[in-house]
Each structure stands twice: as structure tokens, then as C-alpha cells.
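Protein chains in written order, with the working numbering: chain A, 310 to 582; chain B, 310 to 582; chain C, 310 to 582; chain D, 310 to 582.
Errors might be hidden in some of the hints.
Dumping the calculated BS3-like pairs for lysine-lysine here, alpha-carbon to alpha-carbon at most 27 Å [claimed, not checked]: (1) C:Lys568 / A:Lys568; (2) B:Lys568 / C:Lys323; (3) C:Lys331 / B:Lys312; (4) C:Lys568 / D:Lys323.
Simulated from the structure, these hints should not be mistaken for laboratory data.
Residue strings, one per chain:
4 protein chains.
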Amino acid sequence: MKKLTEDILYQVIKKRPEQSHKGTYGRVLIIGGTQQFGGAVIMNALAAVNAGAGLVSVATDPSNFTALHAHLPEAMVIDFNDDLTDDIQHADVVLIGSGLGNRLDIVEATFDAIMARQILIVDGSALTLVAENKLSWPQSQLIITPHQMEWQRLSGVTINEQAFEAFNMLAQQRMNVQPILVLKQHHTQIYTLNQVFEIPNGGPYQATGGMGDTLAGMIAGFTAQFMLCFPEAIMAAVYAHSAIADELSKNQYVTLPTKISAALPEFMSRYAK
Amino acid sequence: MKKLTEDILYQVIKKRPEQSHKGTYGRVLIIGGTQQFGGAVIMNALAAVNAGAGLVSVATDPSNFTALHAHLPEAMVIDFNDDLTDDIQHADVVLIGSGLGNRLDIVEATFDAIMARQILIVDGSALTLVAENKLSWPQSQLIITPHQMEWQRLSGVTINEQAFEAFNMLAQQRMNVQPILVLKQHHTQIYTLNQVFEIPNGGPYQATGGMGDTLAGMIAGFTAQFMLCFPEAIMAAVYAHSAIADELSKNQYVTLPTKISAALPEFMSRYAK
Amino acid sequence: MKKLTEDILYQVIKKRPEQSHKGTYGRVLIIGGTQQFGGAVIMNALAAVNAGAGLVSVATDPSNFTALHAHLPEAMVIDFNDDLTDDIQHADVVLIGSGLGNRLDIVEATFDAIMARQILIVDGSALTLVAENKLSWPQSQLIITPHQMEWQRLSGVTINEQAFEAFNMLAQQRMNVQPILVLKQHHTQIYTLNQVFEIPNGGPYQATGGMGDTLAGMIAGFTAQFMLCFPEAIMAAVYAHSAIADELSKNQYVTLPTKISAALPEFMSRYAK
Amino acid sequence: MKKLTEDILYQVIKKRPEQSHKGTYGRVLIIGGTQQFGGAVIMNALAAVNAGAGLVSVATDPSNFTALHAHLPEAMVIDFNDDLTDDIQHADVVLIGSGLGNRLDIVEATFDAIMARQILIVDGSALTLVAENKLSWPQSQLIITPHQMEWQRLSGVTINEQAFEAFNMLAQQRMNVQPILVLKQHHTQIYTLNQVFEIPNGGPYQATGGMGDTLAGMIAGFTAQFMLCFPEAIMAAVYAHSAIADELSKNQYVTLPTKISAALPEFMSRYAK
Chain A
310 MKKLTEDILY
320 QVIKKRPEQS
330 HKGTYGRVLI
340 IGGTQQFGGA
350 VIMNALAAVN
360 AGAGLVSVAT
370 DPSNFTALHA
380 HLPEAMVIDF
390 NDDLTDDIQH
400 ADVVLIGSGL
410 GNRLDIVEAT
420 FDAIMARQIL
430 IVDGSALTLV
440 AENKLSWPQS
450 QLIITPHQME
460 WQRLSGVTIN
470 EQAFEAFNML
480 AQQRMNVQPI
490 LVLKQHHTQI
500 YTLNQVFEIP
510 NGGPYQATGG
520 MGDTLAGMIA
530 GFTAQFMLCF
540 PEAIMAAVYA
550 HSAIADELSK
560 NQYVTLPTKI
570 SAALPEFMSR
580 YAK
Chain B
310 MKKLTEDILY
320 QVIKKRPEQS
330 HKGTYGRVLI
340 IGGTQQFGGA
350 VIMNALAAVN
360 AGAGLVSVAT
370 DPSNFTALHA
380 HLPEAMVIDF
390 NDDLTDDIQH
400 ADVVLIGSGL
410 GNRLDIVEAT
420 FDAIMARQIL
430 IVDGSALTLV
440 AENKLSWPQS
450 QLIITPHQME
460 WQRLSGVTIN
470 EQAFEAFNML
480 AQQRMNVQPI
490 LVLKQHHTQI
500 YTLNQVFEIP
510 NGGPYQATGG
520 MGDTLAGMIA
530 GFTAQFMLCF
540 PEAIMAAVYA
550 HSAIADELSK
560 NQYVTLPTKI
570 SAALPEFMSR
580 YAK
Chain C
310 MKKLTEDILY
320 QVIKKRPEQS
330 HKGTYGRVLI
340 IGGTQQFGGA
350 VIMNALAAVN
360 AGAGLVSVAT
370 DPSNFTALHA
380 HLPEAMVIDF
390 NDDLTDDIQH
400 ADVVLIGSGL
410 GNRLDIVEAT
420 FDAIMARQIL
430 IVDGSALTLV
440 AENKLSWPQS
450 QLIITPHQME
460 WQRLSGVTIN
470 EQAFEAFNML
480 AQQRMNVQPI
490 LVLKQHHTQI
500 YTLNQVFEIP
510 NGGPYQATGG
520 MGDTLAGMIA
530 GFTAQFMLCF
540 PEAIMAAVYA
550 HSAIADELSK
560 NQYVTLPTKI
570 SAALPEFMSR
580 YAK
Chain D
310 MKKLTEDILY
320 QVIKKRPEQS
330 HKGTYGRVLI
340 IGGTQQFGGA
350 VIMNALAAVN
360 AGAGLVSVAT
370 DPSNFTALHA
380 HLPEAMVIDF
390 NDDLTDDIQH
400 ADVVLIGSGL
410 GNRLDIVEAT
420 FDAIMARQIL
430 IVDGSALTLV
440 AENKLSWPQS
450 QLIITPHQME
460 WQRLSGVTIN
470 EQAFEAFNML
480 AQQRMNVQPI
490 LVLKQHHTQI
500 YTLNQVFEIP
510 NGGPYQATGG
520 MGDTLAGMIA
530 GFTAQFMLCF
540 PEAIMAAVYA
550 HSAIADELSK
560 NQYVTLPTKI
570 SAALPEFMSR
580 YAK
């Protein structure tokens with residue numbers, strides 16, 4: 310297990326090249342948010358846009374469009390009941406699952422449509438649906454972001470110490486691209502095929518609804534934008550998420566997810582001098 | 310009558326344990342908000358989330374979903390016309406009544422569904438409905454938050470000095486769990502079976518619509534999160550509500566409810582060092 | 310013509326008495342806002358609530374409810390297509406007309422329902438409807454807030470110098486209660502039966518859509534709250550509106566209406582020490 | 310090619326004359342925003358209002374009304390499926406195309422309704438529709454704001470160096486009023502019949518969705534308000550847009566479009582002393 314340090318941020322977050330445009334920083338498609346859990350995709354999108362993704366679209370229940378635009382006119386909206394194949398295949402990064410409820414149909418259609426060269430982040434309800442329905446993971450670049458209970462449902466192992474073995478079993482079933490596991494816990498761990506990384510930061514002020522949705526959106530924003538730093542971009546996102554919470558916690562008892570996203574542009578600018 | 314001091318805040322608001330997750334800080338279900346009074350549940354929820362409740366759901370008229378999410382993507386929404394039994398029974402704290410209008414059916418169904426181990430806060434319109442329809446209180450842990458006119462309708466006593474006797478009569482009708490009365494007035498009083506507490510703070514800058522909805526939401530957030538400090542958590546919420554208003558009033562002629570909620574994370578962090 | 314000074318603010322804005330509640334600060338009913346002009350009532354309400362009115366309800370097109378609550382959960386909403394008689398008669402101050410479009414029916418019903426002891430503020434589209442349809446003013450306490458073109462339509466006089474005579478003609482037609490005219494212009498004037506007052510402040514940074522809606526809302530908030538200072542409360546509202554704009558203009562090229570409302574609590578607190 | 314300097318801002322942004330009203334600062338009509346791309350007109354409108362346009366109306370899909378008003382009650386809304394002829398002809402400046410999708414019918418109807426004395430800004434999807442359908446430009450004062458790919462589709466020239474010739478061909482086809490081309494790129498260029506101007510500022514922190522919608526809204530706000538400074542008002546808008554981004558980038562990794570609009574009133578006030 311390797312402990313990550315602030316150095317991961319310097320490694321990933323670079324001054325942007327002068328000659329670049331929004332396409333340079335990636336297209337993110339977020340899929341999630343039933344009516345009941347619409348806040349989840351709002352938090353996904355706030356994180357991805359504030360992290361600096363070039364273009365962000367949100368496929369969600371239409372009842373969420375107005376609240377999303379009230380927060381973030383920068384994002385585009387799509388009805389998640391429509392055929393999303395084209396939208397998925399035009400994205401660089403697809404994040405599916407935050408607040409997706411029981412929409413197995415959308416998970417299946419997304420797994421069918423996604424292509425090998427794309428990054429797919431699977432979060433929240435989608436992880437539960439994969440576990441309950443024993444879905445096969447698609448052959449894209451895969452990032453999964455379970456908390457410990459979700460990981461238990463997915464892997465069948467109940468004890469944290471066995472996580473590495475279980476992850477390797479998952480990884481070895483895959484021929485093409487190795488998956489990345491972000492195992493959310495007190496000090497979140499990132500599993501790659503050969504190594505486990507752990508962040509040293511974060512704290513209990515983060516224990517509030519929506520924190521994981523914000524993390525998933527940040528991973529989407531970081532991987533879309535820093536595509537050449539894969540998988541370090543994931544580690545930087547996880548590290549930054551907790552580092553911002555640590556800073557906010559100096560004078561906030563609970564560090565709300567939307568405040569973490571709001572702090573991103575200023576936080577990131579410090580590492581790109 | 311015992312006057313509360315700032316000490317109640319030090320007593321209740323503690324540094325959070327490192328090993329904890331959002332479930333540790335409680336599930337709050339807020340039930341209220343007809344279309345006309347939808348702002349009430351928005352203010353409930355802003356208070357509960359900013360106070361640090363782990364997970365907050367709002368069962369309300371669907372016309373309020375978008376405005377709620379525009380303020381607070383951190384909260385989940387439920388149509389209050391649906392059967393809420395499961396949602397109620399999965400909550401640690403249920404707050405019912407702010408802006409609930411004449412929805413007697415929802416009050417009755419909630420009183421039927423609530424279980425003895427749960428905290429039920431009854432506020433606003435629900436108190437009027439209880440009084441008008443002579444409903445029996447359920448055998449849960451009960452907190453009622455009337456202002457003086459609502460208390461008069463509930464208890465039948467018209468003079469403040471008789472409040473303690475009237476409260477004791479109510480309390481003695483209950484076999485299992487003793488109720489708590491938060492009697493909102495110039496210096497709000499908290500009645501337990503044996504003792505009355507009074508807050509020394511607060512002022513007329515708080516005399517504006519929505520102040521009580523914010524207080525009810527704070528009580529929900531504090532009791533969910535500091536469940537082991539019952540009933541002190543209620544006293545801390547009432548004290549904090551007025552203490553924040555006092556601070557804001559130094560340079561605000563009227564202290565709007567939403568600003569009190571916004572100040573909560575910073576205010577609470579001072580007591581948890 | 311008497312020039313008002315900052316003294317009008319000290320005269321009207323007083324420290325609130327300790328023993329008071331939201332009813333003490335008045336019930337305001339705002340009627341206006343078709344779908345197209347829904348922003349007008351949002352600006353009315355932001356001004357009235359931030360000025361410190363006790364309770365604010367907005368009767369408007371239902372399509373405006375969500376945007377209003379996104380700004381201001383503190384306000385209650387009513388469908389302006391419903392019979393508003395009860396709502397009108399329970400208000401202390403009724404403001405009608407901002408963004409009301411061509412809803413003559415609502416103006417007529419309001420003029421029918423309003424009672425002598427109530428304050429009625431007539432603004433915007435309602436003034437045009439009164440002029441076009443030669444409606445009689447109701448026998449309530451009446452405040453009208455035309456800009457110069459609207460005043461010309463109402464009074465038939467085209468030149469500013471004749472305003473006092475025209476106003477007196479209007480005033481003399483009324484048996485019971487004398488009207489107040491707020492004639493919006495470069496330096497806005499307030500006409501009472503015997504005297505004309507002029508504010509010395511304000512400037513061209515206020516020349517932007519919604520400025521008048523904010524002023525009307527402030528007049529509603531001030532008269533509801535400082536009812537014993539009538540008509541000085543109107544003068545204080547007009548003076549404060551421009552004084553805040555003057556302050557903001559020091560570092561803002563255009564002083565947006567919503568920013569004037571946001572500045573009210575801090576501004577007013579300075580005069581109530 | 311002439312490089313613009315900060316001097317263009319001093320030249321255009323003047324202290325406003327005391328005797329003026331909102332009509333003095335122009336009526337802007339924004340046409341755009343399908344349901345999917347509704348954020349685009351919100352960003353248009355935020356820019357135009359914060360830049361100081363006198364009155365701003367937005368003709369858009371009705372599903373966008375609430376989110377627009379949640380950001381900006383100062384703007385009025387119109388259903389873009391209605392006949393817009395009257396609205397167009399009452400405007401001083403019409404901006405069409407941001408997020409307009411494939412609504413060719415609305416582009417054609419706008420080109421038919423616009424009159425010679427009016428300023429028409431054509432942006433985003435409308436430019437693609439013009440190119441694909443080989444529409445003729447109307448004989449109004451015309452400003453087009455393509456990025457390089459859109460300009461290629463419009464002009465048929467693929468290489469930047471040929472832009473001036475291609476623009477001149479377009480310009481010479483027009484008998485009455487010369488068009489202005491704002492060619493968005495690393496250092497955006499403004500083409501008039503005889504001369505090309507380039508801004509020296511801006512940077513890759515601007516490479517995010519919605520940046521162009523904000524620029525188009527600023528051009529609308531500047532030309533409406535500083536009509537006597539044509540075409541310098543366009544240059545000032547383009548320069549200011551990048552200058553604000555440069556300032557924000559000092560401590561923001563990505564400079565979000567909505568933050569640029571929010572900074573406008575303070576930024577502009579510095580040039581009007």
C-alpha cells in the first residue's frame with residue numbers, strides 16, 4: 310500500500326497549454342438522477358464543471374433539468390429515457406449511476422454502447438444494480454467507486470483485508486483494459502492491478518449525503534481533462550476532494566458537497582503555477 | 310426554570326469521531342410543504358443539512374422538488390401523496406408539519422407509522438391539525454414546537470404561566486416516552502417532564518416568516534446527529550438558532566431564516582475544537 | 310418642494326421592540342407576474358422580505374412559483390387566478406401591478422376587495438390598466454408609483470411642472486383617504502396632499518429593468534413594518550432605494566435590482582442603533 | 310492587423326449621463342435555447358444584464374423560463390414558438406443562435422423580421438443553420454461570432470490566413486450595411502471591412518462550455534448600451550471578456566462563464582471614472 314501525498318496534485322494539475330480549446334479538456338457525459346435522487350447528478354455536474362472538464366452533459370430524468378440549470382447553466386441536459394448511444398459514443402468520459410435508482414435498463418444500454426477507448430465510471434445505484442443482476446463489466450477503461458458495503462455486494466468479500474485479492478480476481482477476468490477501484494472509506498483507497506494507493510487525508514466532516522456524488526464528478530472532470538495522466542488523474546481527484554474538505558473543515562463543522570465543488574477552481578490554481 | 314447558557318453548545322457539539330460515516334449522523338425525514346407553503350420545507354431542509362444531519366429526505370408536494378433542489382441538491386425528495394410508511398420507518402428523526410396546510414391524512418398516516426424508538430418532531434400546521442381534530446399523540450419520542458397561539462389551541466390554556474401545568478398534563482397521559490415541548494416565544498422555553506429551560510438570547514430581528522421552519526429543521530438535524538445527547542441536543546439547537554441570529558443582527562436589521570442556516574457550519578465548528 | 314435628507318431614515322427605521330412577533334411587522338400581499346413578467350414579483354418579494362416585512366405572500370401565475378422559491382423560500386405563493394378576496398383582506402399592505410400584463414380582471418377584483426383601513430400600492434401594468442380603462446381608485450389608503458410616462462397616461466398632463474396640480478385634482482376626488490404619488494424620475498418625487506418631497510440621490514446606474522419592481526417591494530415592506538410612520542415610511546423606502554444604489558455604484562457600473570434588495574438588511578441596521 | 314489595448318475600454322465605457330432611463334441603454338432580445346441547450350440563453354442573458362443593457366428579454370423554450378428566472382429575475386421571457394416579429398422589431402439589438410439546436414424556422418423568421426436599423430448578432434447553432442441551408446444574411450447591421458470551425462462551414466475556407474479574404478467576399482455581397490466578424494480563437498479577431506483587430510489577452514482557462522454564449526451576451530449588452538460607439542463597442546466587449554478571464558485566472562484554474570458575467574459590474578466601473 311502506498312500513501313499518496315500532495316505531490317500527486319503537482320504531478321497531474323498542469324498549467325494549460327496556450328493553444329487549446331474546450332475539446333482539449335474532454336467531453337463528460339453524466340447519466341443518473343431519477344426524480345427522487347436528482348440532486349446526485351447536480352452534484353456530479355457541479356464537480357465536473359468546476360474541476361475544468363471541457364464540456365459536460367447530463368442525461369437524467371427531465372424533472373431535474375430546471376434545478377440543474379439553476380445551479381449550472383454551463384451543463385447541457387438530455388432525457389435519460391431517450392436512446393443515449395450517440396451521446397455515449399461522443400463522450401470521452403461517461404459517469405453512470407449516481408442517484409440512478411433501479412434503472413437497470415439504462416445501465417445495460419450504457420454498458421452495451423460504451424467503447425473500448427472510453428473511460429466509464431460506475432458509481433452509486435449502478436453498482437448495486439450490477440451486483441444484484443450479476444452484470445458483466447464492459448470492455449472500456451473502467452473505474453468503479455463503491456463504498457465498502459457496495460464493494461461487498463459486488464465482490465462477495467466482507468472483510469476489508471480481502472479487498473485486494475477480490476479486486477485482483479475482478480481485474481484478471483478482464484482481457485483488455487485493467488479496471489481501477491476507488492474504495493471509499495475513512496481513508497479512501499485506489500486499487501490498480503499491481504498496487505494499492507491510499508489517501509492520508511479527509512475526515513468525518515465529510516460524512517454527509519452527496520459527498521460521493523461530488524467525488525465521482527471530480528473523477529470524471531479530472532480524467533477527462535488530464536487524460537494523459539491515467540490513472541494518476543483519479544488519484545489526484547480523490548486526494549483533492551479530501552484536501553479541500555480538510556481545508557473547509559477548519560471553520561465548517563460539516564463540509565457540504567456543493568462547497569467542495571465551489572472551492573475547486575481556486576484550489577486547483579495553486580498547483581498549476 | 311433554568312436559563313441555558315452557551316455551555317449547552319459545548320456540551321452537545323463534539324468533534325466527530327474519525328471512524329464514522331453518514332449513517333452515524335442520522336437519517337432525517339421531513340414531511341411538509343403544500344404547493345402554497347413549499348418554502349417551509351426548503352427552510353427545514355436547509356437547516357437540517359447545514360446542521361450536519363447525515364442524510365435528509367423531504368416528502369413534499371412534487372411542485373416543490375425543483376426549488377428544493379435549486380437550494381440543496383444534498384437532499385432527496387419524495388412525493389408526500391405516496392405511502393410514506395417505509396420512508397418513515399427507515400428514518401431516525403421525522404419532522405412533520407411545516408407548511409403542511411390541511412393535510413390531516415398525512416399527519417394521521419405518519420402518527421400510525423412512527424415507531425417507539427424514533428424521534429418525531431411536530432411543527433406548524435400539523436399542530437393545528439392535531440388540536441382541531443383532537444388527535445392522539447403517537448408513542449414515539451415526541452417533540453412539539455408550537456408558538457404560543459398554537460400551544461393555546463393544543464392545551465386549552467391561554468396564559469403563559471399555566472404552560473407548565475398544561476404540559477405536565479400532556480406528559481402524564483403518556484405511558485412510554487416523555488414528550489418535549491419547545492414553546493416558541495420572546496425567550497423560547499423547553500419543557501421536559503421535570504424542568505423548564507429558557508434561552509436567554511434571540512431578539513426581534515428574528516420576527517420574520519420562516520424562522521420557525523428553520524428552528525424545526527435545526528432540531529431535526531441536532532437530534533439526528535447528537536442522538537446520545539437527548540434532550541440536550543434540542544436545547545442546543547434552540548440556543549444556537551438564537552445565538553446565530555444575535556450575531557447576524559449586529560449588522561442586519563432583519564435576520565432571514567436562510568442566512569441562519571447558511572451560518573450553521575461555521576458557527577458549529579467553533580464549539581467542536 | 311422639500312428635499313429629503315438621510316434624516317428620513319433615522320426618523321423611520323427604529324430598533325425593534327423586544328416584545329414583538331412577525332405579525333407586528335405586517336402582512337404583505339404582492340399581486341402580479343404573468344408568466345412573461347414573472348421576474349417582477351420575484352423582485353417585489355425580495356425587496357419586501359429583505360426590508361423586514363413580517364410575512365410576504367405572492368399571488369402570481371403558477372409558472373412563477375418555483376423561481377420565486379428558488380430565490381426566497383421565505384415567501385408564500387398563491388395562484389393569482391383564484392379568488393383573492395380573503396388573501397387581500399387578511400393583508401396589511403397589498404402591492405398590485407408589477408408584471409401584471411393585461412390582467413384587468415385581477416385589478417378590478419382587487420379594487421373591489423380592498424378595504425379602507427388597508428394600504429394599496431399600485432404599480433407597473435396595473436397603472437396602465439387603470440388609465441386605459443378609466444378605473445376608479447378604491448377608498449383604501451392608496452399609493453401609486455408611476456414613472457413619468459405612466460403618470461401622463463393616468464393624469465393626462467404631459468409636462469412635469471403640472472404634476473402637482475394634476476395630483477391635487479386626483480387627491481380632491483377622494484373623500485376619505487388622501488393618496489400618495491411616488492413619481493419615479495431622475496430625482497423621484499413623493500406627492501402628498503399638501504407637499505411635494507424630492508429625493509436628492511440616485512443616479513443613472515439604476516437605469517435597468519426591474520429597478521421599479523424593487524422600489525415597489527421596498528415601499529410595501531417599509532409601510533407594512535413602519536405603519537405608524539405613514540407616509541414617512543414611503544419616503545424612507547424611496548430614499549433608501551437610491552442611497553443603496555449610490556453606494557453600490559461606487560464599484561458597480563450598473564446596480565442590479567436584486568443587489569439592492571440583498572443590501573437592505575445591512576443598510577437598514579445602520580439606522581437602528 | 311491591429312492589436313487592441315485596454316484603451317478600447319476607456320474609449321467605450323463612459324460615465325452614464327445623469328438624465329437617462331433604461332430605454333437609453335437599449336432593448337436586447339435574445340433568441341435561443343432549446344430544452345437541451347437552455348443554459349446557453351441563461352449565460353447570454355446574465356452577460357447582457359450584468360453588462361448594463363437597459364432591458365433584456367429572452368425568447369426560448371418555455372422549459373427554460375424557471376431556470377432563467379432563478380438566475381435573473383431582471384430578464385423577461387417569451388416562448389420562442391410564438392410569432393416573434395413584434396418582439397424583434399421593438400428591440401435595438403437581437404442576439405440569435407446560442408443553443409438554438411436545429412430550429413431553422415426561428416432563424417428564418419428572425420431574418421425576415423429584422424429591420425435595417427437594428428443590430429443582429431448571429432451566434433452558435435444559428436451559424437451552423439445558415440451554413441447548412443445557405444441562408445442569405447438579412448440587411449440589418451450584422452455581427453457574426455463563429456469559432457474557427459463554424460467560420461469554415463460558413464465561408465468554405467479552411468485556413469486561418471484566408472479569413473480576411475473570405476470575410477471581404479462576404480462583406481462585398483452586402484449593399485447596405487457592412488457586417489462585423491468576431492472570429493473566436495486563441496486571440497480572437499474582429500474583422501471590419503477595412504481592418505482586422507486582434508485582442509492580445511485571454512487564455513486556456515477560458516476553454517470551457519458556455520464561454521462563447523457569455524461573449525455573445527456581452528456583445529449584445531455593449532452594443533445596446535454604447536450604440537454610438539459602433540463597432541468599437543464590439544471590440545470593447547471582446548476585450549473585456551478576456552480581460553476579466555485573465556484576472557479571474559490568477560486564482561481560478563478554470564474561469565467559468567457565469568463568473569465572468571458576475572464580475573462585469575465591478576470591472577466596468579473601473580473604466581467609467
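Verification of the hints:
no., hint, in the structure
1, C:Lys568 / A:Lys568, "holds, 22 Å"
2, B:Lys568 / C:Lys323, "holds, 22 Å"
3, C:Lys331 / B:Lys312, "holds, 24 Å"
4, C:Lys568 / D:Lys323, "holds, 22 Å"
No hint from the list above goes unmet by this structure.
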